[in-house]
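Go ahead and model the full structure; you've got the sequences and the hints to work with.
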Amino acid sequence: MKVLFTFLFFLFSILTFAQEASLKGKVVDAVSNEPLPFVNVVVSGTSIGTTTDLDGNFLLNGLQPGFVRIEASFVGYKKAISSEIEVSAANTNSIEIQLEQQKEQIDEVTVTASPFRKTPESPVSLRSIGIGEIEKSPGANRDISKVIQSFAGVQSTPAFRNDIIIRGGGPSESRFYLDGVEVPFINHFATQGASGGPVGIINADFLREVNYYSGAFPAKRGNALSGVLEFFQVDGNNDKLKIQGTLGASEVAATLDGPIGEKTTFVFSARRSYLQFLFSVLELPFLPNFTDTQFKIRTRFDKKNELTIIGLGAFDVFDLNLDIEDPDEQQKYILSQIPVNEQWSYTLGAVYKHFKENSYQTLVVSRSHLNNGAYKYFDNDDSSEENKILDYSSEEIENKIRFENTLRLNTFKLNFGANFDFVTYKNTTQQRRFYGDEILNVNYDAKLDLVKYGLFTQVSKNVLNERLALSLGIRADANNYAESMNNPLEQFSPRFSASYSLTDKWSLNFNTGKYYQLPSYTTLGFEENNVFVNRENKLKYITVDHLIAGLEFRPRTTVQFSLEGFWKSYANYPFSVKDQISLANKGADYGVVGDEEVISSSEGRAYGAEFQARVNSTKGFNFNLSYTLVRSEFQDATGEYIPSSWDSKHLLNVTTTKDLKKNWRIGARWRFVGGLPYTPYDMEKSSLVEAWDLKGSPYLDYSKLNSERFSAFHQLDLRVDKSFYLNKITAKFYLDIQNLYNHQAEQQDIVIRAEDANGSFVLTDNGSRYKLETYKNTSGTVLPTIGIIIEF
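If you count the sequence shown from 1, position 63 lands on 879 in the working numbering, and the numbers rise without skipping.
There may be inaccurate statements among the hints.
[Stated by the list, open to error] Estimated spans, in silico, between C-beta atoms of each pair:
#1 Lys-1119 <-> Leu-1551: 42 to 48 Å
#2 Phe-1427 <-> Ser-1523: 45 to 51 Å
#3 Ala-1570 <-> Tyr-1457: 23 to 29 Å
#4 Tyr-1457 <-> Phe-1228: 38 to 44 Å
[To be verified] Mimicking BS3-like on lysine-lysine, the simulated pairs with C-alpha atoms at most 25 Å apart in a straight line are:
#5 Lys-894 <-> Lys-1321
#6 Lys-895 <-> Lys-1277
#7 Lys-1056 <-> Lys-842
Rather than coming from a laboratory, the hints here were simulated on the basis of the structure.
All values reported here derive from a predicted model rather than from experimental measurement.
Don't be surprised by glycine CBs; every beta carbon is placed ideally from N, CA and C.
Below you can see the structure in the form of C-alpha cells.
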C-alpha cells in the first residue's frame, strides 16, 4: 500500500495541472418547477457570475477546482445559496437551484441567504451538512454516520459503532430518508430493533447534502422520537459517463454515473470490504465481510413531471476466527459470546413529482426487506446440534406508499398528505434464557401482518413584514396490531414552531411538539405459547413531548452561533417484564433488541442545553464546535428516575479543516464524551454452570442498573488530503489517523472461566459453578488509514 501511494503521488506530481473548471446549472421556481430567466448567479465568495437564459440555464467557466456554492438572486424571490458541489476540469458538473417566492417586501430586516439551513417548520434543531464537510471530516473515513457525531446533541462511543444517539434518547429513536424514501437500515451488521452498526451502507460518492433534525420534525416525518436524517443524493452527469474508483479504510468501491438518453441520468456503485482478510492477518477473533450496492435513476419527462428511482442493498457475513492459536483473555471473551451472523437488506423506492402553477404533488412507493440470521454453539463446538444455544432467523418486510401535496397559497405554505404501510414480520427463534433462577425456553415461529397509516398536514406563514415565521403541524398515526393502537386520535401529534428575527443577524427560535413511535417489530412479533404476548399486554405507541427554545446569531452568511435548551418527556416506553428495566437502556450492541415480553409503563426524561459554532468559509476554512450538556433519566422497577445508559452529561466536539495551497488540506477533530453509566455483572448468577452454558458470557445485575460510571472518553483524529485536478483525471489521496495519542477508553471488564493446567475449566460447589476470572478491559489504538480516489 505504501509503495502504491508513493508511486501514484510521484506520477501525478509531475503532470500538468488544469487551471480551470466549469459548472452548468438551472434555476427553477421551488413550487412550480418553472425555469427562471435572467436570474443572477455568482460563485459564493468570488466575483465570477452570470445570468440564466430564457430556459433558466447558466454556465460558469474559469472556476478554481474544488468545492463551491452558488448564490442565486432574482426580484420577487428569496436569495438562495446552493448545497456544496465539487467542480473539476475532468468533467463539467451540474446543479439545480430552487428559489422560493417572496410575497412581501422586507423593509426593517434583510434576511440574507446562508449555507446554514433554517425552515419555518424547523427553525431549531436542524443542521445542514454539505458534501465538503462529509468528504473532509477527520476520523470519519467518509462515513456519514460518523460525520453526524461531530454535531450538537449526538453522542459517540469508543466502540467502533455508528449508533445514532441524540439528546439522551436511545439508538432506536431515529428515522432515515434517502431522496424522500424511508430507509430502515443505514449500517452494515445492523442491530435489529435499533439503528447502529459498525460501518455505514450509504456511499459518500452519492451524497449532495444531509439534513439532520434533533427536534422540530416536520409533520410529514413520522415515527421518530429523537432524530430524523434526510440524505439528498447527486444526479448523474448528463454529458458523459464518469467512473470513480475508491480504496478506503475497509473497502474498495467503484462508482459510475452518466446519461441514459436525453432525459435520464443514473448513478451506480458497488463496494466490497476486505476486513475479513485484514482481521484474519491481525488474528482478531471475528471476521466481518460486507458488500453493498446503491443506485439512483432520475428521469425528467418534461418540466412538469419527473421520476426518481433509488436502490440500496447490503449483504453482511460475520464469522468467528477459530484458527487463533493460544487465544488471550480478550479473544476468549469475544469468541465465547459472539454468534455467527448473516444479514442482508435492501430498499427500493420510486418518487414521482408532478408540478403545477402553485403546487406540486409527490408520490413515494417503496419496499424494504431485512433478513437477519444468527446461530451460536456452546464453546463454538458444532459437532452436535445439542450444543446449539441460539438459532435465530427473522425477516422484516415493509411496503410503503406516501402521498404529499405542497401548495403555495398567497403568503401561506401548506403541505398535507397520508402514508400507508403494509408490513410482514417473521421470526423463528430457538433459545433458552436464564431468568431469576430458572430456565425459560424461547421457542416460537411467528408471522405478523400489520397495516399502518398516518395523516399529516402543516401550514406555515411569515407575518410582521416577514420578521416572524410561524408553522403549525398535526399528525395522527394508527395500525391494526391491537385495540390500544388502532385509534388515530390516541396518537394525535401536534407541533408548533416560531422564529422571530430581532435583526438581520439575531433571531429567537422556538418549537414544541408531541411525537409518537411504534415499538420495534421484534417486540410486536414476540410470541409465547403461540400468542403475541405484547399484544395481550396492550402495547402502546411510545410518546415524547419536546420543548425547545434557542437564540441564533449569524454575523456573516458563513458564520453561525446557536444556543438551544431542550426538554424531552417520555411515556409508554416498553419495560422488560423479565429484566425489570426500560428498553430505553438497550440497543447499542450487536444482536437483537426487543424480542421479549414488555409492558408500556416506562417513563423518562432528557434535558439540557447545547451550543454550536460553525464557520463554512468560502476561503476553504471550516470550523465546527459543539457542546451539549445533557441528562437522560428513566424509571427503574420502583418508579425512581435513575441515569439511563446514555446519560453522558457532557458532549464536546471540535472539528476544523483548512485548505492550503496546491490543493492540500489538513483537518483535525477532538471529541470528549462524559463517562457513561453501566450496570455491573451479577457474578453469583454468572458463575452457575446452567446459566453460563446458555449464554457463554456473564450476566448483568439489573438490580444495580447503571449504578456505576466509566471514566470520560476523548480522542483526537487527524487527516491530510491532497487532490490533483487534471485535464482528464481527478485524483485524491488522504491519510486519516484516528485516536492519534492512543487514548485507552474504559470498558466493561472481561470475564472468562478459569482453566487448570490441563486446560479444563475449574468447577466449584460440587460442580455447580465455574470459577470465573476478571480482567480489566480497555479499547483504543492508533488507527492510520490511507484512502485513494480516482475519477475520470
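The hints, checked one at a time:
1. Lys-1119 <-> Leu-1551: 42 to 48 Å: 46 Å, holds
2. Phe-1427 <-> Ser-1523: 45 to 51 Å: Once the Cβ atoms are compared, 31 Å apart, the range 45 to 51 Å for Ser-1523 and Phe-1427 is violated.
3. Ala-1570 <-> Tyr-1457: 23 to 29 Å: With a Cβ separation near 39 Å, Ala-1570 and Tyr-1457 fall outside 23 to 29 Å, so the hint is violated.
4. Tyr-1457 <-> Phe-1228: 38 to 44 Å: 43 Å, holds
5. Lys-894 <-> Lys-1321: Given pair Lys-894, Lys-1321 holds - Cα atoms ~16 Å apart, limit 25 Å.
6. Lys-895 <-> Lys-1277: 18 Å, holds
7. Lys-1056 <-> Lys-842: Holds, at roughly 18 Å.
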